[in-house]
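Enquirer: All chains should be modelled from the sequences, with the hints used to inform the complete structure.
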Amino acid sequence: MKKKSFDQLFMELAVNLAGKSHCIKRHVGAVLTKDTRIISIGYNGPPAGTHNCDEKWPEKGCDRDSKGGCSLAIHAEQNALLYAVKNNSSVEGSTLYVTLSPCLACARIILTMGIKRVVYLKSYAVYKNLDKNEGVDFLIQFGMKVEVYKGYVSHPDDPLV
Numbered sequence: 302m303k304k305k306s307f308d309q310l311f312m313e314l315a316v317n318l319a320g321k322s323h324c325i326k327r328h329v330g331a332v333l334t335k336d337t338r339i340i341s342i343g344y345n346g347p348p349a350g351t352h353n354c355d356e357k358w359p360e361k362g363c364d365r366d367s368k369g370g371c372s373l374a375i376h377a378e379q380n381a382l383l384y385a386v387k388n389n390s391s392v393e394g395s396t397l398y399v400t401l402s403p404c405l406a407c408a409r410i411i412l413t414m415g416i417k418r419v420v421y422l423k424s425y426a427v428y429k430n431l432d433k434n435e436g437v438d439f440l441i442q443f444g445m446k447v448e449v450y451k452g453y454v455s456h457p458d459d460p461l462v
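This note's numbering numbers the first residue of the sequence shown as 302 and each following residue consecutively.
Be aware that one or more of the hints could be misleading.
Stated by the list, open to error - Listed below are the simulated DSS-like cross-link pairs for lysine-lysine, each with C-alpha atoms no more than 30 Å apart in a straight line:
1. K433 / K335
2. K446 / K303
3. K321 / K361
4. K429 / K303
5. K305 / K417
6. K451 / K335
7. K303 / K321
8. K387 / K446
9. K361 / K417
10. K368 / K326
11. K368 / K423
12. K361 / K423
13. K423 / K303
14. K357 / K321
15. K326 / K451
16. K429 / K321
17. K335 / K423
18. K433 / K368
19. K304 / K433
20. K304 / K326
21. K446 / K417
22. K303 / K326
23. K451 / K321
24. K433 / K446
25. K446 / K429
26. K321 / K433
27. K357 / K429
28. K429 / K417
29. K423 / K321
30. K361 / K433
31. K446 / K357
32. K387 / K326
33. K357 / K368
34. K304 / K451
Said to hold, decoys possible - Label-pair distances were calculated between CB atoms; the ranges are:
35. Y428 / L310: 20 to 26 Å
36. R365 / K304: 41 to 47 Å
37. S367 / Q309: 36 to 42 Å
38. K361 / F307: 36 to 42 Å
39. G320 / G444: 31 to 37 Å
40. N388 / T413: 34 to 40 Å
Calculated directly from the structure, the hints in this document are not laboratory data.
For each residue, glycine too, the CB sits at the ideal point set by N, CA and C.
Expert: Following this line, the structure appears as structure tokens:
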């Protein structure tokens with residue numbers, strides 16, 4: 302039996318974490334690793350102590366901000382980074398696995414935090430119907446290693462991942 306690569310293992314975990322999301326628009330998961338060890342995980346959703354959108358507003362979700370995005374959502378990669386920092390874990394030199402490529406705002410944070418590699422499953426630009434992946438382009442412009450995951454991932458029965 303062939304063993305899974307770490308890329309496959311961590312991306313499958315990110316996909317499974319996405320299923321924990323309370324967002325009604327999109328479920329996104331993230332896994333932050335260093336030296337083949339998981340240092341943090343995250344999924345998109347509201348800050349702790351607020352409302353779970355799928356429970357409070359099951360038909361429409363939370364209110365939209367001025368750009369049309371969720372007013373409560375913290376992105377999966379932000380949640381993973383925040384949790385790591387909150388628990389005094391060094392993220393510099395780590396790899397981030399995420400089911401949706403980073404938006405530009407998240408890309409700025411990822412670069413600033415010293416992440417060395419980002420592996421993503423699906424395109425944020427395709428999801429948002431944008432001309433380009435601004436976050437990915439930003440990271441590549443500043444020398445970060447960014448890859449589309451091309452391996453096999455067994456998807457859960459979650460249509461929003």
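Enquirer: The structure should be examined with respect to each hint, and the outcome stated for every one.
Expert: A quick look at each hint next to the structure:
Taking the CA atoms of K433 and K335, the gap is near 29 Å; set against the 30 Å cutoff, the hint holds. Distance check on the hinted pair: K446 and K303 sit about 27 Å apart at the alpha-carbon level, within 30 Å; holds. Using a Cα cut-off of 30 Å, the hinted pair K321 and K361 holds, with the two alpha carbons roughly 18 Å apart. Simply put, K429 and K303 have alpha-carbon atoms about 36 Å apart, too far for the 30 Å limit, and the pair is violated.
With a C-alpha separation of about 22 Å, the suggested pairing of K305 with K417 holds against the 30 Å cut-off. A threshold of 30 Å between alpha carbons decides the hint, and for K451 with K335 the separation of about 21 Å falls inside it, so the pair holds. In summary, the hint linking K303 to K321 is supported, as the alpha carbons are separated by about 29 Å, within the 30 Å threshold. Note on K387 and K446: the hinted pairing holds, with a Cα-Cα distance of about 25 Å set against a maximum of 30 Å.
Under the criterion of a C-alpha separation no larger than 30 Å, the hint pairing K361 with K417 is inconsistent with the structure, at around 37 Å. Proposed proximity of K368 and K326 is supported: the alpha carbons are some 15 Å apart, at most 30 Å. Our distance criterion of 30 Å between C-alpha atoms is met by K368 and K423, whose separation comes to about 22 Å. Between K361 and K423 the alpha-carbon distance is near 24 Å, which keeps this suggested pair within the 30 Å criterion.
A distance of roughly 25 Å separates the Cα atoms of K423 and K303; the hinted pair therefore holds under the 30 Å criterion. A C-alpha spacing of about 16 Å is found between K357 and K321, which places the hinted pair at or below 30 Å, so the restraint holds. Pair hint K326 plus K451 holds up; C-alpha atoms about 24 Å apart against a cutoff of 30 Å. Of the supplied pair hints, the one linking K429 and K321 holds, its CA atoms being roughly 21 Å apart against a limit of 30 Å.
Among the hinted pairs, K335 with K423 is consistent with the structure: their alpha-carbon atoms are about 22 Å apart, no more than 30 Å. For a cut-off of 30 Å, the pair hint linking K433 to K368 stands: about 17 Å separates their Cα positions. With a CA separation close to 35 Å, the supplied pair K304 and K433 exceeds the 30 Å bound. Between K304 and K326 the CA atoms are separated by roughly 34 Å; this puts the pair beyond 30 Å, and the hint is violated.
Distance restraint check for K446 and K417: the Cα-Cα separation of roughly 7 Å lies within the 30 Å cut-off, and the hinted pair is therefore satisfied. Between K303 and K326 the CA atoms are separated by roughly 36 Å; this puts the pair beyond 30 Å, and the hint is violated. Of the pairs offered as hints, the one joining K451 and K321 holds, with about 23 Å between alpha carbons and a cut-off of 30 Å not exceeded. For the hint pairing K433 with K446, the CA-to-CA distance comes to about 18 Å; that is within 30 Å, so the pair holds.
This hinted pair checks out: K446 and K429 have alpha carbons roughly 23 Å apart, not beyond 30 Å. Under the criterion of a C-alpha separation no larger than 30 Å, the hint pairing K321 with K433 is consistent with the structure, at around 28 Å. Taking the CA atoms of K357 and K429, the gap is about 24 Å. The hint holds against a cut of 30 Å. Distance restraint check for K429 and K417: the Cα-Cα separation of roughly 25 Å lies within the 30 Å cut-off, and the hinted pair is therefore satisfied.
Distance restraint check for K423 and K321: the Cα-Cα separation of roughly 18 Å lies within the 30 Å cut-off, and the hinted pair is therefore satisfied. The straight-line distance between the Cα atoms of K361 and K433 is roughly 27 Å, inside the 30 Å bound, and the hint therefore holds. Restraint check for K446 and K357: not satisfied, since their Cα atoms lie roughly 39 Å apart, outside the 30 Å limit. For the hint linking K387 to K326, the alpha-carbon distance of about 27 Å falls within 30 Å, and the restraint holds.
The suggested pairing of K357 with K368 holds, with an alpha-carbon distance near 22 Å, which does not exceed 30 Å. The suggested pairing of K304 with K451 holds, with an alpha-carbon distance near 17 Å, which does not exceed 30 Å. For the pair Y428 and L310, the beta carbons lie near 24 Å from each other, so the given range of 20 to 26 Å is met. At roughly 44 Å, the beta-carbon separation of R365 and K304 lies within the given 41 to 47 Å, and the hint holds.
The given range of 36 to 42 Å is respected by S367 and Q309, whose C-beta atoms sit roughly 39 Å from each other. The hinted range of 36 to 42 Å is satisfied by K361 and F307, whose Cβ atoms lie roughly 39 Å apart. G320 and G444 have their C-beta atoms about 33 Å apart, which keeps the hinted 31 to 37 Å range intact. Distance hint check: the CB atoms of N388 and T413 are about 19 Å apart, inconsistent with the given range 34 to 40 Å.
Violated hints, listed in ascending order, are 4, 9, 19, 20, 22, 31, 40; each of the other numbered hints is respected by the structure.
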